[in-house]
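Asks: The residues making up each chain are set out below.
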Amino acid sequence: MITLYQLSKSFNGKKVLDNLNMRFKERRITVIIGRSGGGKSVMLKHIIGLIKPDSGRVLIDGIDMNTLKKKELNEIRKKFGMVFQDGALFDSLSVFENVAFPLRQHLNLPEEDIRYKVYSILNDVGLNGHESKMPSEISGGMRKRVAVARALILNPEIMLFDEPTTGLDPIMSDVINNLVVSMHDKFKFTGIIISHDIKGAYKTGDEIAMLYNGKIIEVGTPEEFKDSKNPIINQFVSGSMNGPIIL
Amino acid sequence: MDAILNPFESIGKFILKTINDLGSIVIYMGEALLSIPRYRINFNNLIEQMIFIGMDSFYVVGLTGFFTGMVLSLQAYYAAKVVGVTYMIGPTVTLAMTRELGPVLTALMITARCGSSMASEIGTMKVTEQIDALEVMAVDPYYYLAVPRILAAIIMLPIMAILCSLIGIIGGYVVYAYFLGLNHVTYIEKIYQYINLGDIYGGLLKSVFFGAILATISTFKGFETTGGAKGIGKFTTQAVVLSSICILLADYLFTSILF
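Respectively, the protein sequence lines represent chains A and B.
Read in order, the letters of the first sequence are residues 2 to 248 in our numbering.
Read in order, the letters of the second sequence are residues 7 to 265 in our numbering.
By construction, these hints were calculated from the structure, which means they are not laboratory data.
Fair warning: this is a prediction, and the values are worked out from it, not measured in the lab.
Just a few of them, taken from the derived set where beta-carbon distance is under 10 Å, the chain A residues facing chain B:
1) LYS46
2) ILE49
3) GLY50
4) LEU51
5) LYS71
6) ILE77
7) ARG78
8) PHE81
9) LEU90
10) PHE102
11) PRO103
12) HIS107
13) ALA152
Here are the simulated BS3-like cross-link-like pairs (lysine-lysine), alpha carbons at most 27 Å apart as the crow flies:
14) LYS53/A / LYS23/B
15) LYS46/A / LYS187/A
16) LYS46/A / LYS236/B
17) LYS216/A / LYS15/A
18) LYS72/A / LYS46/A
19) LYS15/A / LYS23/B
20) LYS19/B / LYS15/A
Just so you know, even glycine gets a beta-carbon here, dropped at the ideal spot from N, CA and C.
My request is simple: use the sequences and hints to build the entire structure.
Replies: Structure, rendered in structure tokens:
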């Protein structure tokens, strides 16, 4: 269970998260939507301990992430997989070595087991035959799929996706959204997706939450979001420049 | 009034920033070294870095040593000829190479070649979120990226420095015996007569510290990198400049203590 409790964070005097409270349901996918620069990625980085809050707590299964020592934090992080916005693949390693990296770091497996696991997950994400390519030799969509494979290779309990469809064409975005849903069906992780892709949010999310002015202003199912009476949500979902959201 | 105070304010800011930077580097080095007992050493990574710092730098270090030895021999000849002590050229070249020029030039060349590469490689990883990716995968980036580079530099710098000194002495010999036409036996004989192992050990000890300095500062600047491609260039330059200055400063301190 992931709980954010009265989380606040400012950068250069600008409050990005403002007493934010949120509880993520286990084994469900929650999509966080909100404006660009609104603090969504900052929130995600708090969850995995890459950023420390000014105040408030991030609780993972009841453990406060900010009280942990480095080694304890690394133990908790083994529960996580994260897909970064641009993949964050290691550009000096091949696709195979990128996906094998967490296995080599954390498990003492024989080489044949590593190969089996890597080929198996690359098959799941539809990247058979691309193992020996370097990240610079594959497309943006393929890079995201490699990043998904790398994040899933240790079968994590929690998956974080930082704008998984940003920069992709609509068809490739749909491919990634379908991949997230199918991987969730297979691995049953608790998923948190940061996105502005409303169509993708409806498709992948069991729940959608809107971050606005540093706070979560509404949480609901995709259907509840579609029928929301909140003018801020309506404006964001419709993509209109006219409305209560201050530009 | 501002016109009077501004220069002092700038000096004060510079001093505070320098102290802050040096403090951060010491803390960083402590963190990197403390991470060693927490994990098992990745020998593949360490050997890869040793090859990069050592074997791959051989030509540049060797050529630097060779030409420096040649120049030293030639310059020493002009001075020694005046007072009639040309037989002292061998020991002069050897002392200069083993105590000073071998370790210092090796460190400066490896800073230019490998320090810049360390800073830019880690800096690129920082701005493309690859360092964050390591952290998220519960891999300590200091341990994974910094420790092998620092250890490899500490191991390889003395080896490269001794090679540089040896090649420099050979360069001096070539000028002495073949270009100046002096007695080559005297060159070698006088080296044995005037040089003791303490001269070589002192140079080697310096090299160990130079290795630690250049790799620590270069990787530190890599981790500090912000601001995209321009930032990578800026922090890489800072890494090379700061490493070079610290090596020269450390050289003076060690020389005044050791010899």
